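Undergrad: Sequence:
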Amino acid sequence: MVLDPQLLEILACPDDKGPLYYLDDEASLYNPRLRRRYDVRDDIPIMLIDEATSVDDDEHRRIMDRVEAESIRPTFSA
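Numbering (our numbering), first residue to last: 1 to 78.
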């Protein structure tokens, strides 16, 4: 299931307060500035810094290549 567009408009990284990229089929929100992924479980974004996972350089490139190729927009404009 895809997150509600109204919810996506207000979601921000709890650490740097910046926008995120929503990868619906991967059930995650991604912060490219901190290279941090937040899981979405049962349609609920888990926006806890302690539960976020860091991604390595290869995973960061893969995600950003996908964001560019699919024109995935951030949750809001900074």
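Calculated from the structure, these hints are not laboratory results. This one's a predicted model, so the numbers in the text were calculated from it and none came from an experiment. Hints may contain errors.
What the hints assert, rightly or not - Label pairs and their calculated CB-CB ranges:
{"id": "1", "residue 1": "6", "residue 2": "58", "range": "31 to 41 Å"}
{"id": "2", "residue 1": "56", "residue 2": "6", "range": "26 to 36 Å"}
{"id": "3", "residue 1": "6", "residue 2": "57", "range": "25 to 35 Å"}
{"id": "4", "residue 1": "50", "residue 2": "71", "range": "10 to 20 Å"}
{"id": "5", "residue 1": "9", "residue 2": "33", "range": "27 to 37 Å"}
Ideal Cβ placement from N, Cα and C applies to all residues, glycine included.
Undergrad: Each hint: holds or not?
TA: Hints, one by one, checked against the model:
1. 6 to 58: 31 to 41 Å: For residue 6 and residue 58 the Cβ distance comes to about 34 Å; the hint holds.
2. 56 to 6: 26 to 36 Å: Holds: the Cβ-Cβ distance is about 33 Å, inside 26 to 36 Å.
3. 6 to 57: 25 to 35 Å: holds (34 Å)
4. 50 to 71: 10 to 20 Å: Given range 10 to 20 Å: violated, Cβ gap about 32 Å.
5. 9 to 33: 27 to 37 Å: violated (19 Å)
Hint compliance for this structure: hints 4, 5 are broken, all remaining hints hold.
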